[in-house]
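Asker: Modelling step: build the complete structure from the supplied sequences, incorporating the hints.
Listed here are the chains, written in short residue letters.
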Amino acid sequence: MSNLEITIEFGGGAELLFDNKKAHNVSLPIKNKQWIIGDLLLWIKENLLKDRPELFLQDDSVRPGILVLVNDADWELMDTVNYVIQPKDKILFISTLHGG
Amino acid sequence: MTSQIETLKLEIIDLKSQLLQKELLLSQLQEKNEGFNKYSESLSTGEVVRYSRQIIMPSFTVDGQKSLKNSKLLIVGVGGLGCPAALYLAAAGIGHITLLDYDEVELSNLHRQILHNEFDVRSNKVDSAFKKLKRINRHITVEPINIHVNSSSITEIISKTKYNVVIDGSDNVATRYLLNDVCVLNKIPLVSGSALQMEGQLTVYNYNGGPCYRCLFPVPPPAYTVTNCGDGGVLGPIPGTIGVLQALEAIKILTKTPGVLCGRLLLFDGSNTTFRNIKLRPRNKSCAVCGDSPTVTSLIDYEQFCGASAHDNVINIDILKTNQNTDIKSIVNAKNNIIIDVRPKIEYQMCRLPNTTNIPLNDLKKEKHLDKVKDILETSKETDVFVLCRRGNDSQRAIVLFKEKFSSLPINFINVSGGLHSYSKHVDPSFPAY
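In order, the protein sequence lines correspond to chains A and B.
First residue of the first sequence: 1, per full-length UniProt numbering; consecutive thereafter.
First residue of the second sequence: 1, per full-length UniProt numbering; consecutive thereafter.
For the record, the hints were derived by calculation from the structure and aren't laboratory data.
Be a bit skeptical, because a hint or two may be false.
Residues from chain A that keep clear of chain B, each with C-beta distances beyond 10 Å, as calculated [said to hold, decoys possible]:
#1 6
#2 26
#3 29
#4 33
#5 43
#6 54
#7 63
#8 69
#9 86
#10 95
#11 96
#12 98
Derived coverage of chain B by chain A (criterion: at least 3 residues anywhere in the stretch with Cβ under 8 Å from a Cβ of chain A; other residues may be distant) [what the hints assert, rightly or not]:
#13 80 to 92
#14 164 to 174
Since we're looking at a predicted model, the values are computed, not measured.
Each residue gets a CB set at the ideal place from its N, CA and C atoms; glycine is no exception.
Answerer: Structure representation (structure tokens):
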């Protein structure tokens with residue numbers, strides 16, 4: 001079996017925590033259980049997020065003010081951290097803006 | 001020459017105010033004179049001609065125009081979003097537009113807050129906007145309210161006028177929660193926009209069974225994660241685009257046109273000119289304010305709730321001992337001292353004092369830069385090293401780091417109080433206080 005290939009995207013300023021890069025094509029290693037977004041958050045923390053994790057994560061989820069979107073839909077519509085990631089999924093983490 | 005400039009400025013203000021009075025009087029007289037139009041039941045001759053290009057659309061019609069004419073709309077924040085939104089809404093013929101803002105026009109607003117011009121600098125934003133909007137459309141009522149929006153002021157404003165739509169063009173988290181709650185409690189749709197740097201976001205809350213702001217964000221973001229336009233920067237057309245779209249959504253709501261952006265979030269990325277439409281969660285039945293058994297049934301203290309103030313002005317800090325601070329004037333006389341400017345490189349490139357060295361605060365946080373910083377510090381001929389920034393806050397934070405990282409060096413780090421703003425104010429006004 002091959003790895004799980006997905007695209008992780010960041011926007012609204014969240015990309016600043018990830019080398020200012022908005023899209024990351026990543027290959028998640030196959031493991032015994034299925035990949036859920038909860039696992040992905042830990043993977044991001046270990047592999048993409050270099051410093052200041054508190055600006056992105058809080059407890060076992062994203063920090064307040066960040067929306068998570070799976071293929072352009074709110075992750076609340078698909079069981080949030082428990083969503084089972086599918087090949088070619090686009091998972092977007094967007095920080096909400098407040099300026100005007 | 002300076003006195004001639006000041007005299008001219010005053011004369012122009014006086015002439016403009018006379019002109020405005022006469023224009024308002026003229027439009028009142030014209031409005032009366034025009035009176036009844038025997039060719040149309042609801043609109044004057046001038047109105048029919050003016051609005052004809054939108055009325056003749058099958059999706060709009062004269063009923064749409066009548067709806068706009070009978071509508072009352074509140075715009076909170078007459079800035080980067082509020083200006084373009086107000087411009088299009090006034091031009092479209094919304095019968096009553098209330099403008100709410102506490103702020104004055106600054107030179108650094110003009111690149112995006114397009115209702116204001118050079119002559120408006122230091123006048124109230126709402127008065128400045130009022131003058132422009134009245135000249136665009138004399139058929140409508142524009143009500144400027146120069147007040148800081150909070151739980152008590154918004155309650156009074158909402159109780160006086162029954163608004164059909166509220167436009168959120170504010171610039172801070174506390175005001176966004178406040179407007180959400182007041183709109184939920186009074187059953188008013190909220191057209192919410194925001195912008196920063198190259199990105200904008202837009203959605204309509206509390207409309208047609210869709211979610212409210214609290215459904216999406218039950219918990220406010222930690223204050224240290226929030227960036228404002230004054231620190232992060234913003235390109236003018238970004239709030240311009242979002243503000244114009246806020247006007248569009250408001251018009252659709254007021255004319256009961258389908259396709260309103262509720263239950264969806266528009267993400268605009270100006271860096272590659274992409275628009276993404278995100279499907280949002282439905283209304284949350286356990287939402288604190290719009291849920292089935294709400295816990296928020298009246299307005300609360302939103303600054304306390306968010307742990308942040310309801311404006312985007314910088315809060316000054318004071319974290320050093322008194323003897324670690326000095327007046328801006330002492331660096332003017334400094335001959336041999338090293339003066340370190342800790343602003344980001346981009347800001348240092350924009351404007352700087354001579355004989356200063358740029359060591360950005362963020363570099364001090366990264367180990368890889370510290371050797372270079374140490375080399376610079378070791379060239380110091382004096383024990384006193386001055387640390388400088390835009391307003392005197394980051395320089396204090398930098399000193400804490402300097403002392404931590406370079407405790408072995410025989411250096412006394414001194415904070416320049418008030419930073420470059422103070423330099424511009426007390427030493428040389430030609431230094432740009434941005």
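Asker: Would you mind marking each hint as holding or not holding in the structure?
Answerer: Hint-by-hint comparison with the structure:
Non-interface status of residue 6(A) relative to chain B is upheld: no Cβ of that chain comes within 10 Å, the nearest being about 17 Å off. For residue 26(A), the requirement that its beta carbon stay farther than 10 Å from each beta carbon of chain B is met, with the minimum near 20 Å. Annotated as non-interface, residue 29(A) keeps its C-beta farther than 10 Å from every C-beta of chain B; the closest such distance is 29 Å. Once the 10 Å rule is applied to beta carbons, residue 33(A) is consistent with being away from chain B; the minimum gap is 26 Å.
Its beta-carbon lying about 22 Å from the closest one in chain B, residue 43(A) satisfies the requirement of being farther than 10 Å from that chain. A beta-carbon of chain B is positioned within 10 Å of the beta-carbon of residue 54(A); the least distance is around 8 Å. A cut-off of 10 Å between C-beta atoms contradicts the statement that residue 63(A) is not in contact with chain B; the least separation is 7 Å. With a least CB separation of 5 Å from chain B, residue 69(A) falls inside the 10 Å interface cut-off, contrary to its annotation.
Separation of residue 86(A) from chain B is adequate, the least Cβ-Cβ distance of about 17 Å exceeding the 10 Å criterion. Some Cβ of chain B comes within 10 Å of the Cβ of residue 95(A); the nearest lies about 7 Å off, and the non-interface call is violated. With a least beta-carbon separation of about 7 Å from chain B, residue 96(A) fails to lie farther than 10 Å from that chain, contradicting its non-interface assignment. With a cut of 10 Å on Cβ distances, residue 98(A) falls inside the contact zone with chain B, its closest approach being about 5 Å.
Residues of the stretch 80 to 92 of chain B lying with their CB closer than 8 Å to a CB of chain A number 3, which satisfies the three-residue condition for coverage. For the stretch 164 to 174 of chain B, the proposed coverage by chain A is satisfied: 6 residues have a C-beta within less than 8 Å of a C-beta in that chain, meeting the threshold of three.
Taken one by one, the earlier hints fail for this structure at numbers 6, 7, 8, 10, 11, 12, listed in ascending order.
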